[in-house]
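A.B. asks: The primary structure of each chain is shown beneath.
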Amino acid sequence: EVELVESGGGLVQPGGSLRLSCAASEVTFNHYWIHWVRQAPGKGLVWVSIISLDGGTTYYADSVKGRFSISRDSAKNTLYLQMNSLRAEDTAVYFCARANNFAMDVWGQGTTVTVSS
Amino acid sequence: QSALTQPPSASGSPGQSVTISCTGTSSDVGGYNYVSWYQQHPGKSPKLMIYEVNKRPSGVPDRFSGSKSGNTASLTVSGLQAEDEADYYCSSYADGLYVFGTGTKVTVL
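First to last, the protein sequences are chains R and D. First residue of the first sequence: 1, per my numbering; consecutive thereafter. First residue of the second sequence: 1, per my numbering; consecutive thereafter.
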């Protein structure tokens, strides 16, 4: 089964930028839409964004629209999340997850983003 | 994009059943048969338990079942086992977007 591995998290100042990556172990990754989901410390899951097979269709949660941008590189079996104008409330573990049957059936281990001065 | 409403906690003794509700609106839960449920143990990634309201992925025990009535979906765990103690989240498709529930902590007494 495909494995997803997120990377790129770290400490960033408010107003800063960060790019997260999600690398898949199999080329079949390119046959699925992919989500980003985040979880603030001690809080629940929050859906962030989704991208289509060819990258041509994207959707965003209102809380990140205009600041975050999702993209994918099929040649590299990799998904990205460009995060700009970061705020303290963006502090969270960010997961990528495969979309299948309108659910999220394969999840990565997550990467931690901390926004603080 | 308001979170779906779940009870903060639920509990039961081993062998008993517990049911978790997930209440949304006609724009999400009530409008589509695309409700899914996730189990998350502390420090771990979520795991898909139910999709399309009542379907179980391969490998998920049949002790887990899902249903929906109107704007409310439910997850029932029958024959509770110690390993079922975890946080559970519902999620619904909503016209291109997705929304999660507030989460329910299930305790096995």
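Hints were generated in silico from the structure; no laboratory data involved. Among the clues, some could well be false.
One side of the interface only, derived from the structure: several residues of chain R facing chain D at Cβ under 8 Å [unchecked claim]:
#1 Pro41
#2 Gly44
#3 Leu53
#4 Gly56
#5 Tyr59
#6 Tyr80
#7 Glu89
#8 Thr91
#9 Phe95
#10 Gly108
Computed list of chain R residues with no C-beta within reach of chain D, every gap over 10 Å [stated by the list, open to error]:
#11 Gly16
#12 Ser21
#13 Ser71
#14 Thr78
#15 Ala97
#16 Asn100
Think of the CB as a built atom: it goes at the ideal place given N, C-alpha and C, for glycine as much as any other residue.
A.B. asks: With 8 Å as the cut and Cβ atoms as the points, is glycine 56 (chain R) at the interface with chain D?
C.D. replies: violated (13 Å)
A.B. asks: Is the Cβ of asparagine 100 (chain R) farther than 10 Å from every Cβ of chain D?
C.D. replies: violated (8 Å)
A.B. asks: Hold the hint about glycine 108 (chain R) up to the distance rule: shortest CB distance to chain D must be less than 8 Å.
C.D. replies: Because about 7 Å separates glycine 108 (chain R) from the closest Cβ in chain D, which is inside the 8 Å limit, the hint holds.
A.B. asks: With a cut-off of 8 Å, does the beta carbon of threonine 91 (chain R) approach a beta carbon of chain D closely enough for the hint to hold?
C.D. replies: violated (17 Å)
A.B. asks: Checking hints one by one. Is phenylalanine 95 (chain R) an interface residue toward chain D, by the C-beta closer than 8 Å rule?
C.D. replies: holds (6 Å)
A.B. asks: Hey, does the glycine 44 (chain R) contact hint survive, CB to chain D under 8 Å?
C.D. replies: Given a least distance of 4 Å, the restraint on glycine 44 (chain R) holds.
A.B. asks: Taking the least C-beta to C-beta distance, is tyrosine 59 (chain R) closer than 8 Å to chain D?
C.D. replies: Because about 5 Å separates tyrosine 59 (chain R) from the closest Cβ in chain D, which is inside the 8 Å limit, the hint holds.
A.B. asks: Can you verify the interface hint for tyrosine 80 (chain R): is its Cβ closer than 8 Å to any Cβ in chain D?
C.D. replies: At 19 Å from the nearest chain D Cβ, tyrosine 80 (chain R) fails the 8 Å test, so the hint is violated.
A.B. asks: Does glutamate 89 (chain R) pass the interface hint, meaning its C-beta sits closer than 8 Å to a C-beta of chain D?
C.D. replies: violated (15 Å)
A.B. asks: In terms of Cβ atoms, is chain D entirely out of 10 Å range of serine 21 (chain R)?
C.D. replies: Fine: 17 Å to the nearest Cβ keeps serine 21 (chain R) off the interface.
A.B. asks: Test the statement that alanine 97 (chain R) is away from the interface with chain D: the closest C-beta pair must be farther apart than 10 Å.
C.D. replies: Incorrect as stated: the minimum Cβ-Cβ distance to chain D is 8 Å, not above 10 Å.
A.B. asks: Would glycine 16 (chain R) pass as off the interface with chain D, using Cβ distances and a cut of 10 Å?
C.D. replies: Fine: 25 Å to the nearest Cβ keeps glycine 16 (chain R) off the interface.
Hint check: violations occur at hints 1, 3, 4, 6, 7, 8, 15, 16; the rest are consistent with the structure.
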